[in-house]
Amino acid sequence: MLLFVRAPVASGQSFELYGSAGPTVTDKGQSLAAGVGVSPTSRLTLLGSIERTHLSGGSRRDASSISSFRGGTYLLGSGELRFAPRGRDHVGPFVVGGFAAGVSRPNVNDVFPTPVTNAARALSMGGGILVPLGPRFTAFADARMLIGAEGIEGIVAVAPVRAGVAWRF
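Once you know that position 30 of the sequence shown is 1347 in our numbering, the rest is easy, because the numbers rise by one and skip nothing.
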């Protein structure tokens, strides 16, 4: 007699492709991301993505001072882990965290005339909601915070809020 045993985890395995876009909330800008994911279970997904975030620069004046923010563009590759307690087949929340690395190119203007390119590294964390649209498509929305280092003395603090879709196969 032969007995075949299939682990319950195997039924949740899948791959996904996704894309998302949205504004940033700490500074005026926009963020785009595209990536792939692999899920060993329906609740846990390992994500890899390419993200482009652009922040507009600007100046603020008050009675006694002027403050200028350079802004710029970040191009980052990221690796993250997403946990959805209800699984990806049910409407529900998720949390996400990981690491991103890449380059930043600060804006050039009359206040900051020198072009530079910096290495950028950041930790990311956030959360959102998954909404299944069918057996293979999911809509999602999330808010994240990326905090890290830019160049040798800069600090990265970017908060994108994005909405997107994922196709699972």
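Hints listed in this document are in silico derivations from the structure and should not be mistaken for laboratory results.
Treat the hints with caution; some may be incorrect.
[As the list claims (entries may be wrong)] Simulated pairs of lysine to any residue, SDA-like, Cα-Cα distance not exceeding 25 Å: (1) K1345 - G1414; (2) K1345 - S1385; (3) K1345 - F1416; (4) K1345 - N1435; (5) K1345 - H1371; (6) K1345 - V1478; (7) K1345 - I1446; (8) K1345 - G1451; (9) K1345 - D1406; (10) K1345 - R1360; (11) K1345 - F1400; (12) K1345 - H1407.
[What the hints assert, rightly or not] The following label-pair restraints were derived from C-beta to C-beta distances: (13) T1431 - F1486: 42 to 50 Å; (14) L1334 - R1422: 37 to 45 Å; (15) I1367 - P1432: 19 to 27 Å; (16) K1345 - A1380: 32 to 40 Å; (17) G1375 - G1414: 40 to 48 Å; (18) L1334 - P1432: 20 to 28 Å; (19) P1430 - R1377: 13 to 21 Å; (20) V1428 - R1360: 41 to 49 Å.
Just so you know, even glycine gets a beta-carbon here, dropped at the ideal spot from N, CA and C.
Tested hints:
no., hint, result
1, K1345 - G1414, "23 Å, holds"
2, K1345 - S1385, "14 Å, holds"
3, K1345 - F1416, "23 Å, holds"
4, K1345 - N1435, "21 Å, holds"
5, K1345 - H1371, "9 Å, holds"
6, K1345 - V1478, "12 Å, holds"
7, K1345 - I1446, "23 Å, holds"
8, K1345 - G1451, "34 Å, violated"
9, K1345 - D1406, "34 Å, violated"
10, K1345 - R1360, "33 Å, violated"
11, K1345 - F1400, "29 Å, violated"
12, K1345 - H1407, "33 Å, violated"
13, T1431 - F1486: 42 to 50 Å, "47 Å, holds"
14, L1334 - R1422: 37 to 45 Å, "27 Å, violated"
15, I1367 - P1432: 19 to 27 Å, "22 Å, holds"
16, K1345 - A1380: 32 to 40 Å, "23 Å, violated"
17, G1375 - G1414: 40 to 48 Å, "30 Å, violated"
18, L1334 - P1432: 20 to 28 Å, "34 Å, violated"
19, P1430 - R1377: 13 to 21 Å, "20 Å, holds"
20, V1428 - R1360: 41 to 49 Å, "48 Å, holds"
In terms of the numbered hints stated before, the structure departs from hints 8, 9, 10, 11, 12, 14, 16, 17 and 18, listed from lowest to highest.
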